[in-house]
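Asks: Kindly generate the complete structure, drawing on both the sequences and the hints.
Numbering-wise (our numbering), the sequence shown opens with residue 1 and increments by one.
It is worth saying that the hints were derived from the structure and are not from the lab. A virtual CB, placed ideally from N, CA and C, is assigned to each residue, including glycine. Do not take every clue at face value.
[Unchecked claim] Label-pair ranges, simulated between beta-carbon atoms:
(1) Pro284 with Pro68: 42 to 50 Å
(2) Pro226 with Gly31: 28 to 36 Å
(3) Arg343 with Pro126: 22 to 30 Å
(4) Asp66 with Pro238: 35 to 43 Å
(5) Gly259 with Glu93: 19 to 27 Å
(6) Pro200 with Pro97: 38 to 46 Å
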Amino acid sequence: MPSSTSSSEARPRARRVPTAFLLAVLLFAAGDRLLWSNNGWLHFVSRYTPPGPNGDPLLSTVAIRDLPPPSELPILLLGSSQVREGLDCAPFERRLPDRPCRNLGISAGSPLDILYLWRQIERAAPRHVMVLGLFPKVLHGRLKEPFVSLDTVGCLLSRGTWKRLTGSDWIDVAFGLLQGLSPSLRYKDGFWDFHGVVRPDLRAAWAWRMPPQPTRRLGQEPPQPPEYFALRLGKVDPEGVRPSLAGAQEEALERLLAGEKRRGNRVVENDFPTRTGYESTLLPETLANHRRIVAGLARRRDITFVSGEDLPRLDLTDFLDFTHLAKSGRAKVSERVAEILARR
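Replies: The structure is reproduced here in structure tokens:
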């Protein structure tokens with residue numbers, strides 16, 4: 001029979017285990033926050049993180065931290081990769097020299113993602129001008145875990161969207177919210193891309209001798225050949241499209257515009273151009289919903305809406321693929337949108 005002495009010694013030891021575990025968790029959380037709040041470390045990692053889906057959360061955080069002060073009323077270009085690849089800041093700064101411009105476009109950036117970024121922007125530069133690019137697929141975009149927040153949950157619970165979600169969707173939401181507790185979790189995929197870039201010569205990267213990653217993924221790519229388009233015309237491509245999320249995406253767009261209106265910020269909505277034939281690759285529901293939302297935006301008086309008719313004529317050579325602009329198309333569209341903003 002065990003003695004009372006040994007029994008009393010076991011109980012304190014059992015209590016020490018959860019205490020040590022909690023202490024370890026707290027130390028990890030504190031160290032994690034400290035590491036990713038260091039501007040030097042953030043800029044070092046962002047310098048060598050390629051743009052794209054994996055690096056978007058990290059690169060967006062750094063770009064928003066580096067925004068000019070609100071007194072300068074910066075111009076922020078927001079949207080999907082069509083904005084990242086298709087709008088230049090130079091024409092905006094040339095026509096409005098007292099307004100610094102920043103391109104914050106992200107891959108497949110949907111209204112839910114932009115709403116997440118907007119919360120960070122609101123803290124860093126609440127007074128700004130927003131140029132927002134819209135694109136049919138992003139209005140039905142899938143959930144991206146690093147951009148999930150309580151705002152996302154609110155949008156999913158609106159308009160009956162939650163009734164159409166699967167168990168897998170809610171797991172994505174739960175893991176996205178968990179990532180909000182740890183920057184390392186949120187930036188994990190981008191950090192692996194960073195590691196792949198610097199691994200061949202870490203010493204050169206640490207000394208900043210290695211050239212930084214380009215700000216565009218497609219900037220140096222040639223246009224797709226004619227057979228690329230011929231194979232895709234008339235064939236629906238549902239990749240990355242979640243019709244069940246359309247209501248949440250529309251709700252996120254409305255909340256974003258309402259927030260800008262409360263702040264008194266000017267918003268320019270740009271119905272981004274696409275190559276001839278692109279609409280034949282869309283689900284009918286995607287196309288119809290996009291047209292309905294765009295028509296509603298065109299009737300609003302609290303925003304400046306830029307339609308396809310407001311933009312210069314684009315040739316086939318102005319596109320890299322169905323949705324991304326080549327250098328010539330980027331120059332035309334950037335110049336015209338900047339001109340419209342300067343006039344207003």
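Asks: All the hints need checking, so say for each whether the structure fits it.
Replies: Status of the hints after comparison with the structure:
| no. | hint | verdict |
| --- | --- | --- |
| 1 | Pro284 with Pro68: 42 to 50 Å | 43 Å, holds |
| 2 | Pro226 with Gly31: 28 to 36 Å | 54 Å, violated |
| 3 | Arg343 with Pro126: 22 to 30 Å | 25 Å, holds |
| 4 | Asp66 with Pro238: 35 to 43 Å | 37 Å, holds |
| 5 | Gly259 with Glu93: 19 to 27 Å | 25 Å, holds |
| 6 | Pro200 with Pro97: 38 to 46 Å | 41 Å, holds |
When the structure is compared with the earlier hints, a violation turns up for hint 2 alone.
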